[in-house]
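Spelled out, the chains give:
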Amino acid sequence: MFGPLTVNPLKSKGSKTGSWRTLLRPHYLHKNCIACRMCLIICPEGCVSGKEKNAFSTDFTYCKGCGLCADICPKKDIDMVPEELKIEDK
Amino acid sequence: MENSPLFRSGHTACAGCGQAIAARLVIEAAGANTIVVNNTGCLEVFSTKYPETVWGVPWIHSLFENSAAVASGVEAALIYLGKKDSTNVIAQGGDGSTGDIGLQALSGMLERGHDILYVCYDNEAYMNTGVQRSGLTPFDTNTTTSPAGAQSWGNLRPKKPIPEICLAHGIPYVATASAGFPQDLSRKVKKAISLKGPKYIQIHSSCPLGWRHESNQMLPVSKLAVETGLYPLFEYENGVLTGRKQIAPKPVEEYLKTQGRFKHLLNNPEEIKKIQEIADNNIKKYNLKLEG
Amino acid sequence: MKEFIEGSHAIAQIIKATSPGVISAYPITPQTHIVEDLAKLVANKELNAQFVNVESEHSAASVVLGASATGVRVYTATSSQGLFYMQEVVFNIAGMRLPVVMTCANRAVSAPINIWNDQQDSISLRDAGWFQIYAEDNQEAVDFHLVAYRLAEDKRVMLPVMVCMDGFILTHGMETIDMPEQEKVNKFLPPYKPLYKLDTAYPISMGLLADPDYYMETRFAIQETMKESIVYLSEISKEFNTVFGRDYKDLLVEEYQIKDAEKVIVAMGSVCGTIKEVVDEQRAKGKKVGLLRIISYRPFPYARIYEALKDVSKVAVLDKAVSLGAYAPIAVEMKAAFYGKKKGPKVISSFVAGLGGRDITLESVHEVFRRLNTKEVNFDFIDLKPELLKEEYGE
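Protein chains in written order, with our numbering: chain A, 3 to 92; chain B, 3 to 294; chain C, 1360 to 1754.
The shape of chain A in the complex, shown without the other chains (with noise of 0.2 angstroms):
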């Protein structure tokens, strides 16, 4: 008899941290993206996704608002919006 001793990562799905948000969320324009990448590289939670210029967006699932994806961007073009608002991200 075993009980709880190792875990595989394939079958570990992570905590939604996603629910931690609950005052700001990040709001990409994808207007003057350069794909710099520096948003993917800077995000906390690795939730940040993209390869094309104004293409980059944010998995809500495990975002926790922390703002760092705007701070970074050199082209402003990431804004930190009210979490109520919900604005529709690709």
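If you're looking for bench data, these hints aren't it; they were derived computationally from the structure.
No residue lacks a Cβ here, since even glycine has one placed at the ideal position from N, Cα and C.
Hints are supplied without guarantee of correctness; some may be wrong.
[Stated by the list, open to error] Sample of chain C residues at the chain A side, in silico, Cβ under 7 angstroms:
#1 Arg1456
#2 Ile1563
#3 Met1565
#4 Glu1576
#5 Thr1584
Take the given structure of chain A and dock chains B and C to it, following the hints.
Same frame as chain A, but now just chains B and C:
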């Protein structure tokens, strides 16, 4: 969508945690053929809690102070199995678990010359247990066990020089890095992994909770630490200083005023002068000042 | 093959025969000869293992933890202070269900510092979740290491094993030992096949945080495995007998002249050799005495002990350790074995002897039989020197 299969979303770090960023950058730079040994601390607690784990690489946590020793065992086993050449081993922990309670194990690992990269996430206190002072807490910092008060300006002792201690062991690579300089960090990890022998990288990892700043301030705070000279970024290869981030030095007050843990110093020019001295010494020692 | 050999050297030889991949230890008297020998074997290419010279016992245990987690057979050895220094790692190894085998060369614990034999060190770690088997002589010490690996690595078990041998008495004693041949060792002990390990081909996370919703089940699981292992020990003993021709019965206890005994001493380790001599002496004079030797201390064989002693009227438990502030460790377990049961000894007396390496002589054992009478002794020291207790301090 997974943009980071080796350190996935869904961990429970504070929003804007510098250590989470650094940990992800480290494992992404090291790659999938890596075994990670983790000390107890914020990173271990927020990244693995049964039955969840965010690590896409083999990962083990034993105790608070022994990742360097456990990693030595992992490395020895890999050598025995003939797998060491194709597998990286990283031992990691916070500043307390590395420089205080784990210093013995770290020193042993360095002295024995294991082929392991040791990464220290330096958020300058025992954050996981509630922001208590560690050996790497900077001078005059307000922590819960070195609080500022009527007869104290906070932590009375200078920062324990762990990179220098590692250097004294004569290892191939010692470097400092910062979560605020992500590309530099990735480069250093890649460089270290490519070398054989014990390597040490200390990463300045901002902590919004313990340092008392907003969650989106990681970049300005981390950059100012480097730009004032308080957290010099340097690289030593085989004992020779081969790289450093040169700066146009800013006065330390600019850094101190970004964080609540230094609030008590802001109206005290004498204490600020002492901290400026520390920065100036660093600038001189590592020749950080940009020419011209 | 029979060899006249020092205990430590024999242990090194048998460990070599088990082919561990990683060995790590920190020197402490009286374990030193074992690890020195292993280092020599590695240096001479007689043993293909990674020998890691660590900076403390805490790290020695951590190194074998890491290596075992990577799927390799490991070995370490320690005593007394070293065992205490690695205590948190010892609990950690059991909690992570890693099949580490360790030799504990039993030695007294500080303070005062004392390098001679008693069993306080391993007994103090009885809660850790490790198997603990105690050898009476060096033949057993050698054989039990083979049993240890076989038991630890069993897929139904996956728990660490501590083989305890009395420091100096066994480690530095010379005996004729039938050293198991390599082919027979290979027959008895298959290569280690881990159930879970750190492998980049199949990444897993080990050693996670378990909150109140998960922790208790891990402890329950270890407890259940220990219970089940009472049966596995008999299975392994049978296999051992088939391969090596030495019968350790159920590997739980040894009954020596128990059948019609009126007075029985219960003890553990090398002192049983001395007790057997006294039993023979007294039996020759017509006294009905016997010895019950405990081999497996963890799991503690309550049912087996009940079976052995339920018809014996007087039992003396001879502990070589003490639980300061309470009754002696083995005596307490003995009483628990009989409490509330229909049958059992009328008297279970508890005696402590041999602490700090004080010799337990034939006369000491006679004294135990003398003091074992109808009046139960809750706790008493044998061979105490009252004249040393007159020291006074202060004004």
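Okay, the hints, checked on the actual structure:
1. Arg1456: 6 angstroms, holds
2. Ile1563: Cβ of C:Ile1563 sits 5 angstroms from chain A, so the hint holds.
3. Met1565: C:Met1565 check passes; min Cβ-Cβ to chain A is 5 angstroms, inside 7 angstroms.
4. Glu1576: 4 angstroms, holds
5. Thr1584: Since the shortest Cβ distance to chain A is 6 angstroms, the answer is holds.
Taken one by one, the earlier hints all hold for this structure without exception.
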